[in-house]
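Use the sequences and the hints to build the structure in full.
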Amino acid sequence: MTKPAHARAPSSARVGIGGPVGAGKTALIERLLPLLAARGFSLAVVTNDLVTKEDAERLQRGGLIAPERVVGVEAGACPHTVIREDPTLNIEAADLLEAKFAPLDLIVIESGGDNLASTFSLDLVDYWLFVIDVAGGDDIPRKKGPGIVQADLLIINKVDLAPHVGVDVAAMQRDAEAVRGGKPVILTDCRAGIGLDQVVARLAHDVLMAE
Amino acid sequence: MLQHGDSFFPSGAVSFSWGIEALGADGKISKADDVARFVRQQLKGRWATSDRPVLCAAHAAGGDLDSVLTADRLMEANSLAAEQREGSKRMGAALLNIHARLETRGAKDYQARLRAGAAPGHVAAVQGFLWHALGLDADSACHVAAHGLAVNLLGAALRLGIIGHVDSQVILGNLHATIADILSVPPAPLHELHAYAPAADIAMMRHETQDSRLFYN
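Same order as they appear, the protein sequences are chains C and Z.
The first sequence begins at 161 in our numbering and counts up one residue at a time.
The second sequence begins at 7 in our numbering and counts up one residue at a time.
None of these hints come from the bench; they were simulated from the model.
Where hints are given, some of them may not hold.
[Claimed, not checked] One-sided excerpt, in silico: chain Z residues whose CB lies under 8 Å from chain C:
no.	residue
1	186
2	202
3	220
[Unchecked claim] List of simulated lysine-lysine pairs, DSS-like, C-alpha gap at most 25 Å:
no.	chain 1	residue 1	chain 2	residue 2
4	C	260	Z	37
5	C	213	C	260
6	Z	37	Z	50
7	C	304	C	343
8	C	213	Z	34
9	C	303	C	260
[Unchecked claim] Computed list of chain C residues with no C-beta within reach of chain Z, every gap over 10 Å:
no.	residue
10	195
11	213
12	235
13	236
14	246
15	249
16	277
17	283
18	340
19	343
20	366
For each residue, glycine too, the CB sits at the ideal point set by N, CA and C.
What follows is the structure, encoded as structure tokens:
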């Protein structure tokens, strides 16, 4: 086997969004798309729907992005595999979007839903977010799964639900920060728009080099 | 050979069931014997008479991508069901993508043809010329491809909950004889390319409009 050639031509940034089913990954993308577009970034999305095409179709029909800029990749019942051990179909989908809509600034690759052990291949993405929500339990950060610990940015979503599920959000944030070695944690409520500007600013600074 | 025949190699195969998802949903495949019969028929009725001749022709092209393209286009013309045809091309594109990054000889050139719409990129054609470039002889390449398809189909059946991990190994072990039998005779010439797997073709046609889609086909 010859030496791997990881370098690809100068291109868009690729950002992975992982996290458990129901944590709010698609809702987060829906809220980020207009905010990123308002800053002048050209965007596309790859979704890895687990069972249906619902996430891809939700984004395509939502009016937030041109439908042809959203493509779905079936995960074959292995959502972890297609973002980590064998991301070739996702890479090919992103490459095709990039060729079709060049110049793109950012391609978002949404996982089909993970457990806390999932990570993204760094040959697939340049940066990745892991989304959890307060309703999943305030002990999630303390479990120190690779998703919680290794993600470039951890989002704790649905903070509006905290009083209803008996979760101390501040303690949950402290626990998350304690296991992440200084990497950022942002609290969000996608329905009310809380924390989204922070997420956009972080992406703009860390990924898009715009700030 | 071990590296490229291993399911650890990122080929994109995990996203394809080649009809098993729809047949399972319809109750047409519900137990280990059904799966064994289906995989055997895919090997004998499609792979042996369609994929194998294309793979061998692409391998024999010796790096001449125009000759690879001839075999590739014949596969395109002989692939009836849309999800079979498109799935084969998506797997071919995924395999080319990883080999382009690994700098396997010819991968970037043929990928450029795909991107320009000048080549279909069916997986059998892509396997044939890539594995030739990597030094696999034609017989080894055929063994890798046939084993890979069998593992791909059994993996899909396992993940759909139709068979367990023990059954999958029993079936795979029994398929060795089928693969050996197929490979005991020379590949058919390209002009005799054909496939007969109507249950899988119909299943993939029906799969196009089904709501539940763990797999592409």
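Now the hints, each set against the structure:
{"no.": "1", "hint": "186", "result": "violated, 28 Å"}
{"no.": "2", "hint": "202", "result": "violated, 26 Å"}
{"no.": "3", "hint": "220", "result": "holds, 5 Å"}
{"no.": "4", "hint": "C:260 with Z:37", "result": "violated, 44 Å"}
{"no.": "5", "hint": "C:213 with C:260", "result": "holds, 22 Å"}
{"no.": "6", "hint": "Z:37 with Z:50", "result": "holds, 20 Å"}
{"no.": "7", "hint": "C:304 with C:343", "result": "holds, 14 Å"}
{"no.": "8", "hint": "C:213 with Z:34", "result": "holds, 24 Å"}
{"no.": "9", "hint": "C:303 with C:260", "result": "violated, 41 Å"}
{"no.": "10", "hint": "195", "result": "holds, 31 Å"}
{"no.": "11", "hint": "213", "result": "violated, 6 Å"}
{"no.": "12", "hint": "235", "result": "violated, 7 Å"}
{"no.": "13", "hint": "236", "result": "violated, 4 Å"}
{"no.": "14", "hint": "246", "result": "violated, 4 Å"}
{"no.": "15", "hint": "249", "result": "violated, 5 Å"}
{"no.": "16", "hint": "277", "result": "holds, 17 Å"}
{"no.": "17", "hint": "283", "result": "violated, 8 Å"}
{"no.": "18", "hint": "340", "result": "holds, 29 Å"}
{"no.": "19", "hint": "343", "result": "holds, 27 Å"}
{"no.": "20", "hint": "366", "result": "holds, 25 Å"}
Checked against the numbered hints given earlier, this structure breaks hints 1, 2, 4, 9, 11, 12, 13, 14, 15 and 17; the rest are met.
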